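Asks: In case you want the letters, here they are:
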Amino acid sequence: MSPLKYILQKEFKQIFRDPAIIRVIFILPIIQLIILPLAADYEIKNINIAIVDRDHSPSSNRLIHTITSSNYFRLVEYSSDFNKAMQGIDNDKADLILELPRGFESELYAQKETKVFLAVNAINGVKANLGATYLRNIVQNFNNDFRISVLTPGRFNDLPVIETTSSNWYNPRMNYTFFMVPGILVLLITMIGLNLSAINIVREKEIGTIEQINVTPIRKTHFILGKLIPFWILGLVVITIGFLIAWLVYGIIPLGSYLTIYVFAAVYLLVILGLGLLISTYAENQQQAMLISFFLLMIFILMGGLYTSIDSMPEWAQWITRFNPVAYFIEVMRRVVLKGSGLADIRQPLLIMFCFAVAINYWAVLSYRKRS
Amino acid sequence: MNSKAIIVEKLTKTFNGFTAVDGISFEVEKGEIFGFLGANGAGKTTAMKMLCGLSMPTSGSAMVAGFDVYKENESIKKNIGYMSQKFSLYEDLTIKENIRFYAGIYGIGPELITSKTGLLLEQLNLEKEANLLVKQLPLGWKQKLAFSVAIFHDPQIVFLDEPTGGVDPITRRDFWNMIYDAAARGITVFVTTHYMDEAEYCDRVSIMVDGQIDALDTPGKLKRSFQAGSMDEVFLQIARKAKRSE
Chain A
90 MSPLKYILQK EFKQIFRDPA IIRVIFILPI IQLIILPLAA DYEIKNINIA IVDRDHSPSS
150 NRLIHTITSS NYFRLVEYSS DFNKAMQGID NDKADLILEL PRGFESELYA QKETKVFLAV
210 NAINGVKANL GATYLRNIVQ NFNNDFRISV LTPGRFNDLP VIETTSSNWY NPRMNYTFFM
270 VPGILVLLIT MIGLNLSAIN IVREKEIGTI EQINVTPIRK THFILGKLIP FWILGLVVIT
330 IGFLIAWLVY GIIPLGSYLT IYVFAAVYLL VILGLGLLIS TYAENQQQAM LISFFLLMIF
390 ILMGGLYTSI DSMPEWAQWI TRFNPVAYFI EVMRRVVLKG SGLADIRQPL LIMFCFAVAI
450 NYWAVLSYRK RS
Chain B
79 MNSKAIIVEK LTKTFNGFTA VDGISFEVEK GEIFGFLGAN GAGKTTAMKM LCGLSMPTSG
139 SAMVAGFDVY KENESIKKNI GYMSQKFSLY EDLTIKENIR FYAGIYGIGP ELITSKTGLL
199 LEQLNLEKEA NLLVKQLPLG WKQKLAFSVA IFHDPQIVFL DEPTGGVDPI TRRDFWNMIY
259 DAAARGITVF VTTHYMDEAE YCDRVSIMVD GQIDALDTPG KLKRSFQAGS MDEVFLQIAR
319 KAKRSE
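Note that the protein sequences, when read in sequence, are chains A and B.
Under this note's numbering, the first residue of the first sequence carries the number 90, and numbering increases by one thereafter.
Under this note's numbering, the first residue of the second sequence carries the number 79, and numbering increases by one thereafter.
Misleading hints may appear alongside valid ones.
[Stated by the list, open to error] In the DSSO-like style, the derived pairs of lysine-lysine whose C-alpha atoms are separated by at most 27 Å in a straight line are:
1. K299(B) / K82(B)
2. K459(A) / K174(B)
3. K459(A) / K309(A)
4. K294(A) / K156(B)
5. K220(B) / K174(B)
6. K94(A) / K156(B)
7. K102(A) / K194(B)
8. K156(B) / K220(B)
9. K164(B) / K102(A)
10. K108(B) / K94(A)
11. K428(A) / K94(A)
12. K216(A) / K204(A)
13. K102(A) / K174(B)
14. K173(A) / K134(A)
15. K82(B) / K459(A)
16. K108(B) / K88(B)
17. K174(B) / K88(B)
18. K102(A) / K220(B)
19. K294(A) / K220(B)
20. K174(B) / K206(B)
21. K164(B) / K220(B)
22. K102(A) / K213(B)
23. K149(B) / K459(A)
[Stated by the list, open to error] Derived contacts from chain A toward chain B, CB cut-off under 7 Å, selection only:
24. P92
25. Q103
26. G297
27. T298
28. E300
29. N303
30. P306
Source of the hints: derived by calculation from the structure; they are not laboratory data.
Just so we're clear, the structure is a prediction, and the values are computed from it rather than from any experiment.
Even for Gly, the Cβ is constructed at its ideal location relative to N, Cα and C.
Using the sequences and the accompanying hints, generate a full structural model.
Replies: Below you can see the structure in the form of structure tokens.
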């Protein structure tokens, strides 16, 4: 009988006797998948707006009402003094100032056009930019409504208006959870897989049992496989828990088949776990292993395409993401979950992952030395 | 057939210019209990690790159980047992599970493991504790168990690195009885210790000073040539020459 069987028995027993590992595997995914998608939302809400109204006319009132009832804006300051509004920006109470000049309504009627002034607090750039865009849309809509209601019906508009309408394929309602949850699931199994495997061999180094192992005729491949297989199975269990939560809490069911995702995940986990074991063979103690895996995770996550689009990164950064396994899995996950891609569609990333897995695990076996 | 268990010639290990083991040569007979003494930092553990295939020698040659330490270190490992200074059983596994795991990676069949485990637990009087986690055992029992695990696969040679450190005198006596039993079964015992009464139990002892072997003989002859009443005095006379500090 192969010694591998005994190694696997030992590893599984140790994993299930460690309450910390059990907590990480079962509780972490549940909490993260329920909290993160709700918090990590691209939509900007609660933009604090200060409005300077010098007109106090029915039209200015109507515009202000449209803005404040839109859900996106929160009126924090309303006055006719620009300096007061500016104070709001100075002490970070306001993100935007909208100024409606005196004669706003009368100019609108008389000259059919008027100007409003917009000032943006660019400390939080994303919020300010999106806020300004939303506000421009609202003002434009107000403008259109005004034309329709005030200008004589039946007459052609003075200016042709081109309006763009877009439809979002594969995620028609632009539901953010559909976009975020599969991605967060990828991050989750990456974090769990990398950390658990990175501290595993190094822990045996710390306790001193590695020396006892090294003095046995154990084969290096058996030893590495003995460490890899239990975490590989656990990784697949975590993904399953993740999909259960995605289905129960968010109603997300992949358009494509689970099989496609599991096939990719199986290969992907070999890459991540192999990387963890590689760290483990080089690190002297658990702190070192944790620091290295933390460093890698930061790069993997920030350059993984979940929080920032890879397409808008500079070319050299895009080149780096080609070595980022997380970027591949997030891409595949979205394609299968939202677009319904099958195995044939993802064969290229699958093949790349497979090459990564072989290379990294081969390296891990090589770098594990029984003799110093 | 060769009657030597270990043949070492000019074995040397340097770490970044520091010579931990400096050209030591000695032979160990089969079935012998060989005491490997020396002050802390004299190079005992390093020498032992080279013989076990845990550390690559810098130069010199060594044959262990008939195999070359450079080329056949994995064959050596099949034929030796090793008990390190650091306790090396898994504390989160039970006694039975530890035995099963180590026996399994030496390739012992499942039936043999079961029968030998039963016998061993009976000898150690640990039948009732077989399913206790190792961390729940007192140190003395742990050391006896670690030794039993190290010779479970009936190696030709067993290497013991300070096996009785921190253990009470009664358990030390028990432990040495186990060593005698193992030697009686034909296992060569290579043991380091700081207890000079234990040195008296050895067939022959070597004393290392600053990476070199300064004395090697039976305890009786050593005492005579150093005109000492005990191994303790012999050791003090030799080890005081050491220049290396800890």
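Asks: It remains to establish, for every hint, whether it holds in the given structure.
Replies: Consistency of the hints with the structure:
The suggested pairing of K299(B) with K82(B) holds, with an alpha-carbon distance near 21 Å, which does not exceed 27 Å. Of the supplied pair hints, the one linking K459(A) and K174(B) holds, its CA atoms being roughly 26 Å apart against a limit of 27 Å. Of the pairs offered as hints, the one joining K459(A) and K309(A) holds, with about 8 Å between alpha carbons and a cut-off of 27 Å not exceeded. For the hint linking K294(A) to K156(B), the alpha-carbon distance of about 22 Å falls within 27 Å, and the restraint holds.
Of the supplied pair hints, the one linking K220(B) and K174(B) holds, its CA atoms being roughly 13 Å apart against a limit of 27 Å. Restraint check for K94(A) and K156(B): the C-alpha separation of about 19 Å stays at or below 27 Å, so the hint holds. Under the criterion of a C-alpha separation no larger than 27 Å, the hint pairing K102(A) with K194(B) is consistent with the structure, at around 22 Å. Proximity of K156(B) to K220(B) is assessed by CA-CA distance (about 23 Å); at most 27 Å being required, the pair is judged to hold.
Restraint check: the Cα-Cα separation between K164(B) and K102(A) comes to about 22 Å, which is no more than 27 Å; the hinted pair holds. Of the supplied pair hints, the one linking K108(B) and K94(A) is violated, its CA atoms being roughly 34 Å apart against a limit of 27 Å. Straight-line distance between C-alpha atoms of K428(A) and K94(A) comes to about 41 Å, which puts the hinted pair past the 27 Å bound. At roughly 23 Å between alpha-carbon atoms, K216(A) and K204(A) fall within 27 Å of each other, so this suggested pair holds.
Proximity of K102(A) to K174(B) is assessed by CA-CA distance (about 13 Å); at most 27 Å being required, the pair is judged to hold. Restraint check for K173(A) and K134(A): satisfied, since their Cα atoms lie roughly 23 Å apart, inside the 27 Å limit. Taken as a hint, the K82(B) and K459(A) pair is honoured in the structure, with Cα atoms around 26 Å apart against an allowance of 27 Å. Among the hinted pairs, K108(B) with K88(B) is consistent with the structure: their alpha-carbon atoms are about 21 Å apart, no more than 27 Å.
Distance hint between K174(B) and K88(B) is unfulfilled; the C-alpha atoms sit about 42 Å from each other, more than 27 Å. Note on K102(A) and K220(B): the hinted pairing holds, with a Cα-Cα distance of about 20 Å set against a maximum of 27 Å. The hinted pair formed by K294(A) and K220(B) meets the criterion: a straight-line CA distance of about 19 Å does not exceed 27 Å. Restraint check: the Cα-Cα separation between K174(B) and K206(B) comes to about 11 Å, which is no more than 27 Å; the hinted pair holds.
Restraint check for K164(B) and K220(B): the C-alpha separation of about 12 Å stays at or below 27 Å, so the hint holds. Proximity of K102(A) to K213(B) is assessed by CA-CA distance (about 15 Å); at most 27 Å being required, the pair is judged to hold. Only pairs whose Cα atoms come within 27 Å are accepted, and K149(B) paired with K459(A) is accepted, the gap being roughly 14 Å. Taking 7 Å as the C-beta contact cut-off toward chain B, the hint placing P92(A) at the interface holds, the least distance being around 4 Å.
With a cut of 7 Å, the hint placing Q103(A) at the interface with chain B holds, because the nearest CB-to-CB distance is about 6 Å. For G297(A), the shortest C-beta to C-beta distance to chain B is roughly 3 Å, which falls under 7 Å, so the interface hint holds. About 5 Å separates the beta-carbon of T298(A) from the nearest beta-carbon of chain B, less than 7 Å, and the hint is met. Taken as an interface hint, E300(A) checks out: its beta carbon lies about 5 Å from the nearest beta carbon of chain B, inside 7 Å.
For N303(A), the shortest C-beta to C-beta distance to chain B is roughly 6 Å, which falls under 7 Å, so the interface hint holds. Annotation: P306(A) was flagged as interfacial toward chain B, and the flag holds, the nearest CB pair being 4 Å apart, inside 7 Å.
Violated hints, in rising order: 10, 11 and 17; the structure is consistent with all others.
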